[in-house]
Amino acid sequence: MTAAQAAEHISSATVTPFHLNAIPAGGPDAEPTLLSVRGVSHYYGNRLGCRDIGFELWPGEVLGIVGESGSGKSTLLNLLAGRFPPSIGSIHYRDGQGILHDINSLSEAVRRRLLRTEWGFVHQNPRDGLRMRVSAGGNIGERLMACGNRHYGNIRHTALDWLSRVEIAADRIDDRPMAYSGGMQQRLQIARNLVSSPRLVFMDEPTGGLDVSVQARLLDLLRQLVRQLNLSMVLVTHDLAVARLLAHRLIVMRRGEVVETGLSDQVLDDPQHAYTQLLVSSILQG
Amino acid sequence: MPPATNETDSQSTDQKVVSYNFAYLDEQTKRTIRRSILKAVAIPGYQAPFGGREMPMPYGWGTGGIQVSAAILGKNDVFKVIDQGSDDTTNAVSIRAFFARVAGVRTTTTTAEADIIQTRHRIPEQPLREGQIMVYQVPIPEPLRWMEPSEVETRTMHALEEYGVMHVKLYEDIARHGDIATSFDYPVLVNQRYVMSPSPLPKFDNPKMDQCPALQLFGAGREKRIYAIPPYTAVKSLDFEDYPFAVQHWDKPCAICGATDSYLDEIITDDAGTRMFVCSDTDYCGRRANENRSTP
Amino acid sequence: MYVAVKGGERAIKNAHALLAEKRRGDTAVSEVGVDQIREQLSLAVDRVMAEGSLYDRDLAALAVKQARGDLVEAIFLLRAYRTTLPRFGSSQPVDTAQMQVRRRISATYKDVPGGQLLGPTFDYTHRLLDTNLAMPAEGPAETSAETASFTGTCPKVLSFLEKEGLLPPEEGGDSPPGDLTRQPLELPAGRDIRLQNLARADEGLLLALAYSSQRGFGATHPFVGELRMGEVEVFFTPEELAFPVLVGEVTLTECESVNQFTGGKDRPASFTRGYGLAFGENERKALSMAIVDRALRSGDFDEEVRGPAQNEEFVLYHSDNVEASGFVQHIKLPHYVDFQADLALVRALRARTDKERGNAASDE
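Residue numbers (the working numbering), protein chains in the order written: chain Y, -14 to 271; chain D, 50 to 345; chain P, 4 to 367.
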């Protein structure tokens, strides 16, 4: 996709009003799913990573995976992004051309192509997702260049546009991420991922490791972007406040298994499973 | 036409004579190197690994080029060696003397006469012709190395054609310096597929590689890689549409031959820092200077 | 015509002549013989044989002489000679259990069958300069050592741990080992290739890597299970004959280390091991090699790779001193053309900045 197409895509997305009703409720027949997960289990040797996970993700939907550390949510995220294959089960992704890919048997070439075009992956630690020795502009521009954009002026223009979207001053464009605060680094990482208008974004604890005030600002920004771009996202977090603010639907995990699923408000306001009740009450107390 | 130089054995006085195979390497080794060359020619720009041998010159001093030359040299070939464009720099002299001794081939300084031209850092100014072979000495064959230190990862990037990072480097140059700040070893895309290091040529020479009638072979001895550009292959220097690739140019002509189309070396001629600019290609410069004298 | 670059040929001849003169030194001092180097600088000879990958004391001594005592240069000379030698085939694997040991120690047991044998070691010398050595001895030197204290073979110390199941035995693969001198290094390398690389590796590098690993950059907690030095016989099976023939004897130093144990619920705990082997008397090298070999096996034991000594690509690509020395020193070669390119670029960039500053100033 060229920068021009990307810009067009973004502007058309911006005018689409975002509301919850936009999420198709009808299942596979209504609109093709983006991600389809069936009976997925993963073991590290004898140790359980996650067991018997199944769900569908529809375009424009934000799915939150919540649970404590060690609950298997990061394992699941890595399986979804094809970082390693599950021991059992299948994960299918439908790409922009409507072609269904089996994530388990994805070749490295296709996986990397998806990662730099249709997918985004926002790491908890921005250092894992940024090139620390490359300027902010270069970090944002890399995906555009990887996809064939060969016009410096356009790349720079798009980078400036994205810096303003993630609320970073234009005069910081030539600074390296080293010179940025933690919150700015995280916003830069988000811009670097979203610049190519990915169809699916994986986020691993995007607000983890940030001060509370910085977290609030980042969450606000993320919520705006999700609405503007009609993003499809799988969000892993241990923070239920983050989940409530961003996710439409939640999967609650414990010891590698799903204990409860449902619409976010439903799960958080009226938790059914004892573990979810414990999680919800612990934030109320906190 | 200047006569071919007849090198004398500069070490014969203090070294006992050991008889080596023609062109030093044994025939089996030459065959394995030629197999790698064939593979490299079949996949233009791809770095083919080869079982490099220790040579009697140090690594980094042209052992890759020497092994490639040794593998392809025939008894009737005429051989030319240049370093920095000149036939008479010490390393060029040393390599030419080596082949004169171990292969007994005829050597020359005249570009047009040579069948095989081994070079370090330059392509001759005189256009190459069909049937000639350029052999480049390569210190670091991996163009992605400065962005990615791991060999395992760079090989994957080549396999998957994952080259975005090369333009990130160019982007950073422009953002910082206002222009692409790579003046030699300027990366190229070969045959629309592989990003390749042209060896530390000044970028002035990059356009000469594109659609060149001669076969171009690149040998990296220490890193044990051979790569190639077959005759008449597209070689494009990486750039941006709005910052197109451009070569160096000088305000003055060569102080000796008056050439305005050649790569010039800068020479400081006195303590006051007076400078003169002369052709780096000594064969080209000498021939032009002779012609100027004969046609006043 | 300006001819600074002409005359390269004569300059090289002169350099060779000067080198020969410096090599000889003061002619009032008698010339050192290759046999003297072989006999009296034997550790230098051994290092050159080990890293030069060629077992020939006379040629190694000649290389030391020719290189004016520069061992890395001598190693290079031997390697360049080695590459021209025809290859008849491969010997049988040498059996170090059958070594006629001259030195053999274990740091893991106070006493072992066969005993501890110090042999010719610097270990317990006081490092005081011995002025007696400054004067040549009168007449043949007296030997007081009980040279005949032990001759013969003794069992491998680590075999006792193997029998108890506490240490997995070294496993040979089914396929013939790779050969770095014939095939380029490809990663990930098998242990055969790693060991070959380490056996040819620069002693100084291995020492530094082993040291770094001991200081915590990828610690593997080594014990010297056994260090042995002595002579082993080399057998070769010619194509015409169906049986192995003794072709000679080589001196080897071998070190087997016992390292931190692995295991867990599903796998009983057992020690791990590292291996070092070098031509000649090469104790520092063999010991360092065993530590680095073990560090490079971190992947086999699911250990976190934290130190340079554990990084296969880092170690294997930078271990060869012939490659390293050549490449580091090649920057002495002329680079006028590239420097000129950079010079022109920097001037152009400065001119651009000056012009922009000028424009900015005139705008104000």
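These aren't lab readings, by the way, just hints derived from the structure by calculation. Treat the hints with care, since some could be wrong.
Okay, the calculated bits of chain Y under chain D, using three or more residues with CB under 8 Å as the criterion [what the hints assert, rightly or not]: (1) 65 to 78; (2) 85 to 98; (3) 126 to 134; (4) 137 to 149.
Even for Gly, the Cβ is constructed at its ideal location relative to N, Cα and C.
Structure versus earlier hints, numbers of those that do not hold, lowest first:
Checked against the structure, the only hint that fails is number 1, while the rest are satisfied.
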